[in-house]
Structure formats: C-alpha cells, structure tokens
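Protein chains in written order, with the numbering used here: chain A, 6 to 327; chain B, 12 to 591.
Be careful, since some hints might not be right.
Partner residues aside, some chain B positions facing chain A, computed with beta carbon under 7 Å [stated by the list, open to error]:
1) Phe67
2) Val221
3) Leu346
4) Gly372
5) Ala376
6) Ala455
7) Gly459
8) Leu468
9) Cys469
10) Leu470
11) Val479
12) Leu481
13) Cys487
14) Gln493
15) Met525
16) Thr527
Per the computed footprint, the stretches of chain B lying under chain A, defined by three or more beta-carbons under 8 Å from a beta-carbon of chain A, are [what the hints assert, rightly or not]:
17) 185-191
18) 305-317
19) 328-339
20) 377-391
21) 529-542
Worth flagging that the hints you see were computed from the coordinates, not collected in a lab.
C-beta: ideal position from N, C-alpha, C; glycine also.
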Amino acid sequence: MMEPILLAARMQAALLAACHMALVLLTTPLWIGLLRWMATVMEGERRPPDPAAHWRALRRAWRQPGVRSAAGAHVTALAPWLALAAAMGAAILVPSFSLGLPGSDLSDLLVVGGLLEMAFLALLVVAFAAGLPRPGHAGLRVATGGFMLQPVLLLACAILGMCLPDGTLAGLVRQAHVADMNLIRMPLALVAGALVLAGVEEGNGPGARLFSIMLDDLAGPDRAVAQYARDLLAVVWMMLARDLIWPESIVEPDLLAHARIVGPLAWAVVLWGAHMLLACGCVAGMRVFVLSGPRHATWRAGLGLLCAIMAGVLLFAGRGMG
Amino acid sequence: MVLLVGGSAVLVVLPRPFGLLVAALRGGWLVACVMVVLACLGVGLPGGVVAGDGFFAPPRDIALLVPLGLVGMAATTGRDLAACAAGGCAVIGGPVLSCMGAGWGLLALCSGRRVGVRPAADLVALMVMAAVMVDPGPVVWLLPGLCWLGTRGLLGLSLSPHVGSRVARPFHMADIAGMIAALALWRRLPQAGMVADMRWGWVLIVAGCVFYMAASWRALCAGGARGSMAGLMGGSGALVIVLAGLGLLAGADDLPAMASAASRTALLVAATFLTWVFVARALDVMEREAGPLVLLRLGGLGVLMPRLSALFALGLLAESGLPPLLGFSVIWMLLRLLAGMAQGGGVVGDMPLLAALVVLGVGWAVRMLALVRVVAVVLCGRPRTPRGAGAADPRGRAMIPVMLAAVPVLLVSVWPGLWLGLMEGAGHVPSGAVRPVLRDVALASPDGTAVLHPGRLCLLVAVVGCAVMLLRRLACPTPARQVAGWQQGAPAVPPWMVFGDPLTQVGPGNPARMVTDMLVPMPVLRRFVRVSIRWRARAAGMAAGVLRRVDWLWQGRAVPTPVVLLLACVGALMFIAWHG
Chain A
6 MMEPILLAAR MQAALLAACH MALVLLTTPL WIGLLRWMAT VMEGERRPPD
56 PAAHWRALRR AWRQPGVRSA AGAHVTALAP WLALAAAMGA AILVPSFSLG
106 LPGSDLSDLL VVGGLLEMAF LALLVVAFAA GLPRPGHAGL RVATGGFMLQ
156 PVLLLACAIL GMCLPDGTLA GLVRQAHVAD MNLIRMPLAL VAGALVLAGV
206 EEGNGPGARL FSIMLDDLAG PDRAVAQYAR DLLAVVWMML ARDLIWPESI
256 VEPDLLAHAR IVGPLAWAVV LWGAHMLLAC GCVAGMRVFV LSGPRHATWR
306 AGLGLLCAIM AGVLLFAGRG MG
Chain B
12 MVLLVGGSAV LVVLPRPFGL LVAALRGGWL VACVMVVLAC LGVGLPGGVV
62 AGDGFFAPPR DIALLVPLGL VGMAATTGRD LAACAAGGCA VIGGPVLSCM
112 GAGWGLLALC SGRRVGVRPA ADLVALMVMA AVMVDPGPVV WLLPGLCWLG
162 TRGLLGLSLS PHVGSRVARP FHMADIAGMI AALALWRRLP QAGMVADMRW
212 GWVLIVAGCV FYMAASWRAL CAGGARGSMA GLMGGSGALV IVLAGLGLLA
262 GADDLPAMAS AASRTALLVA ATFLTWVFVA RALDVMEREA GPLVLLRLGG
312 LGVLMPRLSA LFALGLLAES GLPPLLGFSV IWMLLRLLAG MAQGGGVVGD
362 MPLLAALVVL GVGWAVRMLA LVRVVAVVLC GRPRTPRGAG AADPRGRAMI
412 PVMLAAVPVL LVSVWPGLWL GLMEGAGHVP SGAVRPVLRD VALASPDGTA
462 VLHPGRLCLL VAVVGCAVML LRRLACPTPA RQVAGWQQGA PAVPPWMVFG
512 DPLTQVGPGN PARMVTDMLV PMPVLRRFVR VSIRWRARAA GMAAGVLRRV
562 DWLWQGRAVP TPVVLLLACV GALMFIAWHG
C-alpha cells in the first residue's frame, strides 16, 4: 500500500521541482530587466530602457561566435559554467511557491549562501583567468565589495538557528503555517535586508560597469552564461529574502487531499511574482536613494553588517524580555 | 613507536639526510598508522595495547596517530620526520611525555638561528603545565592559560599582522605534525582534573576568533604562497582554541551533548589537517617545477600544470569553508555550537556571542579574499618568469602520491561519520567487534534537531554540475576562438608585470590595501597614521622621562611598607575575584 503513495510523492516532487526551476530560470532576465528599469525611472531618466532589452541582449550574446583570451583559456572555458551550476544548485534549494521539492532538507541557509558564494567566486575567476590588469583590478574591486557577505551570513544563520529548531527554509515555512510569526518577523526582515545588501550588487551603475570590464575578453555563449549566472545570483538572493519575510505565502501540497491543489498553487505563484516585484523595487530604491555616491561599497558593507547586528540585538532583547 | 622516535632523533643528529633511513621511517609510520586504524576498529592486535599507567596515554586517546601517520608517510625531510616523532610523543604520552613531545616539536619547528630564544616562554609554560597535570593542586585552573602559552608556537597563534621572514614561519609539512601535537595537548586537558570554568571558556572563544582574524590577515598580506598557507593554517589552529573554549563552556554549564559536539568538531578540524598534507605535497612539486613560491613571480600554473592545479584548487576549496567539502562541515558545526551557546540572558548576556560571530565572520571573509588572491596570482594569468614558464605536471608515477594524499580528504568530506567513528572508536568497542560506522552518515547539531548530510550535498552539486556540463556540450558544439587579450589601447604589459606594477597600481597583488581603502578613506587613514606616530613618539618620550625620574627617586630608597601592603591586598582581591 505504501509503495504507490511513495512513488506518487516522488513524482509530485519531481514535477514541482521542474515547475520551480522553469519558473525561476525563465523569469530571471525579466526580473533583472525590471530592476534596471525601476532604477532608471527612480534616477529620473526621461527614456527608461525597455524591460525586455536585457533578455534580448542575453540572446544576442548567446548567438555570437565564441571568442576568449588565449591566456588562461582553459579556466575561462569552465568558470562561467561552474558559476551557473552553483547558482542553479542554490536555486533548487530556495522554495519559490511550494514545498516538497527533492532537496528540501538541505535548504539550510548556510548551504544556500555557500553555494551562492561559490558562484560569485567562479565569476571572479573569469576575470582573473587572462591575467590582464584591467579585468583583474575590476574583479578584485567586486570581491572586496562583497566582503561583508560572510559575517552577515554567519549572523543570519545563527539567528535563524535560534528562531527555528532545524534552521532550514523548509522548516521556517512549516512553522509559519502553524505558529505565530509576528514575534520573529522583525529580526527575520532585518536579516533578509542584510543578505540582500551584502549579496546583490545589481542595479547600480558602477557594479554593472565593473562586471562588463571583468568580461572584457569574453564573447559568445560563455559571456552570455556568465551574465546569466550573475542575474540568477541576484534573483536567488532576492528569493531568499522574500522567503524569510513572507514564508506563509508558500504552500505545502498535501498528496492525500486530492481536490483543490491547483488553485492554491496558482495563487502562490501569483504571490511570488508580486513579492519579487516588490523586492526588485526595494533593491532599486536602495541602490538609487541610499547607496549612491562614491563610497557606495563602504555604505553597502556597513549597512549590511548593521542590519544583521540589529537583528541579533532585537532577537536577544525579545528573548530576554520573554 | 620507540623505533620511529629513535630513528627520527638519529636523522636529526646526522649531518646530511640519509635516504634509506628516511624511507624506513616513512614505512614505519605506515605500519603505525595501519596498526592504530586496526586498534580503532576494534581488531585485537597481538600483544594488545599498552595500558596507560600514567606514562602513556589511555588507549582511547591514540586515535590522533592516524592523521599523524599520514603526515609521517608524506614527510620527506628530516625536520618533518622529527616533528612527526615529537607529535607521536605528544599523542601517545601521559602528561610528562606529551609535554616533552610538544617541546621537541617546538624546537623542531624553529629554525636553527632562533633555537632556544624564541620559544623559551613556551617551553617554560610546557614544563609548568606538565607539573600541574601530574599534581593538580590549587593552580589547576591555570591549565588553559598554560596550554595556550605552550601551544601558541605550534598552532601559529599570534596577534601580529607582520608577515616578514623574521616573524612569520613559512608553511611546511612539519607544521601539520606540530598542530596535531597541540590538538592532542588540548584534548588532554579535561582528563587532567581541570574544573570547567565559564570565564576561561568565553576568554578562549573570543581570543580564538581574534586569532582567526589575525591569521587570515597574515594570509592576505603574505608575500609568498607558503606564507599565505601558513596564515590559513593558523586559522585552523585558532579554531582549535575556539572549540576548546566551547568545550569548557559546555562543561561548566553541564551540557554533555554540547561538549561531545565540540569534541567531534575538533576531530573534524583534525581531518582538515589531511588537506594540508596534500597541499604541502603540491607546493613542494610547484616549488621544484616553477622556482621559489614568491607571489610576485608566480603565475599561470593553472594552464601549465592543470592536474596538479586542479588538486591544489580542490584543497583550497576544502579549506575555504564553502560547500560541499570538509571545511563547510566544520563551519556548520561551529555555527551550530555557537548558536547553541546563547544564554537567553538578554542583549548584555549574549553580546560576547554576537561579537564572536562578527569577528569570526570577518576573519572568514578575509580568509576568502586571501584564497582568491592565491588563486588569482598562482593559478590564473600567465607565467612571469622563464623558470615559471617551464613548469609542467609531474609525469607518471610522480603524480600518484599527491593524488593518493587527496583521497582521505574526499572520503571524509563525503562521509564524516566514517572519520568520527574511527577516531572515537578506540577504547570504546570491545576487542573483535566492528563499530557500526555505517549509521553515522550525517552530522547532527548538539541538540539533534538540525542535520547536515554532506554526502547528499556532494550528490546535489555533482548532479547539477553534470547537468550543466551536458548542457554546455549540447549547446556549444564548436570551441571558442582564442585571441590575444584586449589591452584597451595601452601598450602591452611586459610578462613580468601581469597585473601591472604591484607598487604603483592596486592589483590582485595587494587586496589588503583595497580592504583598508574600503573601510577607511585614504586621507583619514593617512591622518590617523601620522597622528598615531606622533603620539607614539610622545608616549615614548614621556615613558623615558618617567623612567629617568624613577631611577633618580629610586636611589637609596625603599618602597614604603603601606604601599606594598596595599598592592598586595589589591592583588589578593583580584585573585579572589577571578578564582571564585
């Protein structure tokens, strides 16, 4: 009797994983295009770019013939694809609209953050591989700009581990369905803000310029894959932040309740889209109004660390009073 | 073991290395390693294990001989073998013998010019420590401090940011043996009758985090690959201190699950020493092929020696703390331990925990930057010297030892329960029964609620990686054209300045400067340095003046008795406040 149910559960998990990955991978250029469009509108540009322009640029880069620098060609041929693999591994672990994906017990915040960090480092290696001064310098500036990611990640994992018994995203969603989350919502929101500040460098002018300098000596599919991996990185960080702030909007499909499974799932997808739109707006606003100026990297690191420490202080203060 | 120690002593005394003796000693370490593995698995050995009657350690503490045996098998010089023999004494000995072994290790690690001068304080501390461990009197609470002092040279604990050749020691195989000896000493403390103390626990945790950050900074600033690796390894040594502090804290709070988790994490840190074994072998090969490992002269080894560079990058990944390899398991366990130590005492009570996490995180970030720098300068780019351009992968059988040295790390990364079962198995299982290590596939947090499956994580990464590589194969059937790098109209960079002139241009050769630039604006930093130099000169002048006056006052005078009494009372009050 157990065998068919187990089989059905596995098939359902595989189907959900396929839907989740297709949703995330196909909408990634759309979110990044919208984010850039919002940032340009907020900067007061008269003619904001088309949100679909980013998708077209990626397609054009993919269709170009492949060219790469002869120095370090072995490394450049692999590193963008490694970055894509690490970012996809992280994207599988972060739930978008539904629980019950195959690797949900691995969805520890430290695992997801570590995989995203690995993708980030692989993109840096693309810049270093040719050994030229300009891309190398740009790569190192990007690396120091993301310097505060590790302390923020450690603090975030510790805080999530204190709020939840198992510390995984799936556990957070399950707890959100049965318990009142309002006590820990503020620390978790601060943690989400800190992670987005430390992880996402999309949306401001200098970041995009540095990244294009990093990929100076690359054209063709490798360049398109590197750009796409960077976009996917930003989208997964935003998805992670969204899951920390609104875990209730993710549904947990029950296999035994045969009816009415499609409606809640569709509603969860719609909610995910709305939340991601909001996250893009928040990131664009933060980049334009808070983190602009010559010392934006310092502000980014300092604000990220401050948000994470404030989350810890709030959590400890609440526990002490409780 | 006696043969090994004696042979190593003879090898040290000999004026020139004696190849046959080195080979015999390496074979001896292989035999010792196999015997200890058998003893840990519960297989009865003919003659049994010598019972610990005070001179030798109890049989369950000898498991650290397994990593030490692997280090001894990979050792090539007399100094490495001497350090291994010293580490063997520290692991198998009782209180006196282990302290003597640690002292020998210290002397073996220091170069000839500084023998007896630099580690004098460490040796004195080890001597006092042996006395306290033999006869635990009222000063037993000093043991962590003594152990800290005695093992700081072995673990590379230092707050100094200087990386010059006079202060920092480059990384060699002998350092790994010294670190295992220090770990054995730290694991010996709870059995030495030491009362767990919460204050010592917090002091050790915070000090370990600061040491971690300082070691990472040294790794970032070092001028050679060996110096950088020494800094990274100092970070592992600092983690030993942090874990010892966590163990003391758990003992003071009476949390046996937490203490056991801290001990298991220390064993995982011991497994990361295996990574250093094959990194040291790879560095030896690189030095032989490409010349001295100075970062300003290295470059392009990823293209010239692809197989060795891939292994080296694997070792760096395992040390970086990123998933899915062993370093990540250590960071995960450490984080769970630290999160479990929250007292629930409000903001003030848990502030040290928050500070420790921030310092540890900043140290981790600096460590990652140091790794990025090593990869960028050593493995990426182009060769900068003719000697470097002639480097090539070792052919045929020469590559086998390096690859074999990497196998245990991969095995432990995928299946840490195997290693933990082996290490904890000695003395726990009756003779003849094999411990069921198969059930420990996952790592569990101290309270048992959070579980990490490193094997499944490796599987996930492998599956996604294979899918992406398949996609690449299908989507890009034609290889990309390779062209010369685009120079932005600038004149071509000469081959010995790949990233530009390191002195005038901030390049991957100087990320430390970029970090300080990001944290503090340059004019402010310059002003601060100027003011600090001025104040230091002023303070030195004032101190000299005070000393002169004290000398003048001191002539023919005695300190008044009330002052002496007052000072003694204050000292006694401080002692009582600390002691209880």
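Status of each hint after checking the structure:
{"no.": "1", "hint": "Phe67", "in the structure": "violated, 41 Å"}
{"no.": "2", "hint": "Val221", "in the structure": "violated, 14 Å"}
{"no.": "3", "hint": "Leu346", "in the structure": "holds, 5 Å"}
{"no.": "4", "hint": "Gly372", "in the structure": "holds, 3 Å"}
{"no.": "5", "hint": "Ala376", "in the structure": "holds, 4 Å"}
{"no.": "6", "hint": "Ala455", "in the structure": "violated, 11 Å"}
{"no.": "7", "hint": "Gly459", "in the structure": "violated, 10 Å"}
{"no.": "8", "hint": "Leu468", "in the structure": "holds, 6 Å"}
{"no.": "9", "hint": "Cys469", "in the structure": "violated, 11 Å"}
{"no.": "10", "hint": "Leu470", "in the structure": "violated, 9 Å"}
{"no.": "11", "hint": "Val479", "in the structure": "holds, 4 Å"}
{"no.": "12", "hint": "Leu481", "in the structure": "violated, 11 Å"}
{"no.": "13", "hint": "Cys487", "in the structure": "holds, 5 Å"}
{"no.": "14", "hint": "Gln493", "in the structure": "holds, 4 Å"}
{"no.": "15", "hint": "Met525", "in the structure": "holds, 5 Å"}
{"no.": "16", "hint": "Thr527", "in the structure": "violated, 10 Å"}
{"no.": "17", "hint": "185-191", "in the structure": "violated (count 0)"}
{"no.": "18", "hint": "305-317", "in the structure": "holds (count 5)"}
{"no.": "19", "hint": "328-339", "in the structure": "holds (count 4)"}
{"no.": "20", "hint": "377-391", "in the structure": "holds (count 7)"}
{"no.": "21", "hint": "529-542", "in the structure": "holds (count 3)"}
Checked against the numbered hints listed earlier, the structure breaks hints 1, 2, 6, 7, 9, 10, 12, 16, 17; every other hint is satisfied.
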